[in-house]
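Undergrad: Listed below, chain by chain, are the residues.
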Amino acid sequence: MYHKTTGYKIFSVFNYIILILAGLACFLPLLHLLAQSFSSKAAIAGNLVSFWPVGFNTNAYAITFNNSNFTGSMMISVMRTVLGTLLSMTILTTAGYALSKDFRGRNTLMWIFVFTMLFNGGLIPSYILVTSLGLKGTLWALILPGAFGAYNLILLMNFFRTIPKALEEAAFIDGASFFVIFRSIYLPLSLPGLATVSLFIMVGHWNSWFDGLLYMSDPADYPLASFLQTVVVQTNAQSMAMSQSEVEAMAEQSVKAAQIFISTLPIIAVYPFLQRYFVKGIVLGAVKE
Amino acid sequence: MKKAGSILLTAVLMTGLLAGCGGKVGSEGNQGSAGVLVDGKYDPPITITIGKQLDENAGKYFEGESLNDNVLTRWGVDNLGIKIETTLLGGDADQYNNKLRLALTGAEKLPDIIPVYDTMLMNDLIQSGRVKEVTEDIKNYMPERLKEIYKQYPTTFNPVIQDGKVYGMAISPVLTEGQVMLIRQDWLDNLGLQAPTTIEEFEQVIAAFTNDDPDGNNKNDTYGFTFSGKDTYNTGWVSDPIMIFSAFTGKHLPSKWQLDEESGKLVYGSIHEGNKEALATLRDWYSKGYLNKELATQGAWDAIADFTEGKAGIIVGRPWLYGSVSAVETNIEGAIISVHPTINGVTGDRTYQDAQLNDGVFMFSKEFDNMEAFFLYYDKLYDAAFGTGDFQYGYAQGYDYDIVDGEVVFDPTLFNEPLDSIQGVGKMAFTKNGPAIGDAGKDFYDLAQGVEANTGPLMRANAADETWKAGYVISYENREGLLPNLFNGPPTKTMQSNWEQLRTMELETYTKIIYSNVPLDAFDDFVKQWYEKGGSQITEEVNEWYSNASEVDVMSSMGLE
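For the protein sequence lines, the chains are S and F, in the order given. In case it helps, this note's numbering puts the first sequence at residues 1 to 289. In case it helps, this note's numbering puts the second sequence at residues 1 to 561.
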């Protein structure tokens, strides 16, 4: 049999080795971070911590959860991710459905969208636009500018196109409107595509830090990623006239590690729930052409 | 069901949209409220908005505190009737500069107080016409004790002077402490060596640290000297190789402008012929393994790691660097760090370093009309340095100092409510760090001379470790080796177009020579090319600026003479 040949076995072994290495490459940095977050200051500074805490303590987590700036930023990130993903998906699925059909002016519309993939206004015009729309300092400055993405649109549009026309025609004969077809046939059949695109958008929102720094003037409005950016960034100041205790406070690595680690958790938690939709092939066998 | 779901979704989105719009409108526009100064306090309280490069306390505030509501801002409201509000916050230096630039492009308000750390940006702000000329304000409102300080540092005004007008002032100018050499004393003792004072002795020590197993573990896992050459070969604060260069070039420090004694003109340090010998030396040491292998990829802060881990034996940095590397004494049994002055040059003269007189300048929005309030607040921040008033021991009891059984303590683990590390209240202020006075660690020198620790600053200094104190004493004793960069104006015309390219070429040449990727003679080519690609033009422009700067007298019009 095919999978018992020597060649296949060798391939399997290599396959596993490479996959395990790739897995470790993702997992070990996280583990290192976790170990650091539970370790003592001196041990971290001396690079004694690898994958197991040295000088175990939980102070970093106590500081983090008592810090209203951290928890506040976390809430903002959750809000922006949920709202942003919902909004984006509403726009993208409806637009993608419409554009997967043929109608007059469709190509012109597509060219306009593709144009935004190739060129964008740049930092200063975008900033001025957001500011003069009165969005600066609001959550919408983080959501609206990126709500529509041509790349995701094309992805969804192509997904909708793979759904057999015959299904739609059958529904028409049964008296369904475009919207009913969209809701009852296209969306349920495109779950893998929806899950993929949602995950892209979600991760994008969760990790995006630059817009937060740019459009929020009060750090209390920072999303988590922007907040972490300010925490992690090393003060390159040739800081002047510091006292000994100030210098020691500067080297607080464990708190940073704890905060970074906590910030990765939500995405890791969401992933397994979306993963089951990544299984393709639901449409197979629905109709014969 | 499904219809209900989509209606709900729309509703959620709409609510959010409306809520978002209503959100933050109220927070601006409470400017210039007519607070009146009564007995040193504004009533009703006024608000001053500020820009801040980086909130270093972001991850560590106590419960319920934040950038705009913390122990220091509360103190300001309660005692001065001045509320400080950060309306423009950056991240690292570049992000902060970008945000300031963006604020300039849009029609939005600048913060009242704008700390600026980049000379080009200072120039842009002045050109934009949106910052205030402060000559008169300094004359009228600057308190006497601050005037005494600013009088000592006239050159710090250079970057903010245009056409004889002053558009800002240095942020807490002071001669900052110079760098010292930190050595693993236990390694010296194991090998029977003395701390080096000349370049020959230095070579012997780093050779022994590399080859003679100074930590006695029978492994070849140590080397001599760690420093950083990633962004510059003159870092100015930690992991600095500057003493090796200065040993051959004297006062002509790489990447800085100093006066050439013969011609009386400013010349650029990196093209001085002595650098060639310095590079030859470093190249030789690098090939023998005496130096940090990754010196060209590690930034100044990263390059200290090898010392902290017990791999490298010598590092140069500001005396406080001891606080950042002392973990090696905790982690490795028997490890002891000792501090020494930097080595002498080949001519027998001392080696020099770059002096820092200030970190950035304050500029003020044209719409800000309450300089009196600014100076009132600024002067109070100096209380911690003078050891007077509310801040005589520190900024906040239980944050950066505490009083336990009638004794002032600075060690956070001994506080009434012990902390892992202190809360840097000085870093919450608009000065970025609490202001300091007294040249280059004078407090420590005075203590060493037997002065009694009877003021807050002296008590704070006295609470430090012995090694820490010794470092500052050395730093103070050697303060004559500190040379301020004589060109501190805005980038000149040719600099704006060519400087980036010249700097890259310089750094690449230096690094490639040290790594033995190109022959040593590449240095001569570099100097030739440097002149050709705009260097000679820039030198002229810099000298033109210099002769103008030394002519213009603005100090007297500010009442600072």
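These are calculated hints, taken from the structure and not from any lab test. These figures come from a predicted structure and were not determined experimentally. A virtual CB, placed ideally from N, CA and C, is assigned to each residue, including glycine. Some clues are possibly wrong.
Selected chain F positions facing chain S (in silico; Cβ < 8 Å) [to be verified]:
1) Y61
2) L67
3) T87
4) G91
5) L102
6) E148
7) I149
8) K151
9) Q152
10) T156
11) A195
12) I199
13) E417
14) P418
Undergrad: Which constraints among the numbered hints does this structure fail? Numbers only, ascending.
TA: 6, 7, 8, 9, 10, 11, 12, 13, 14
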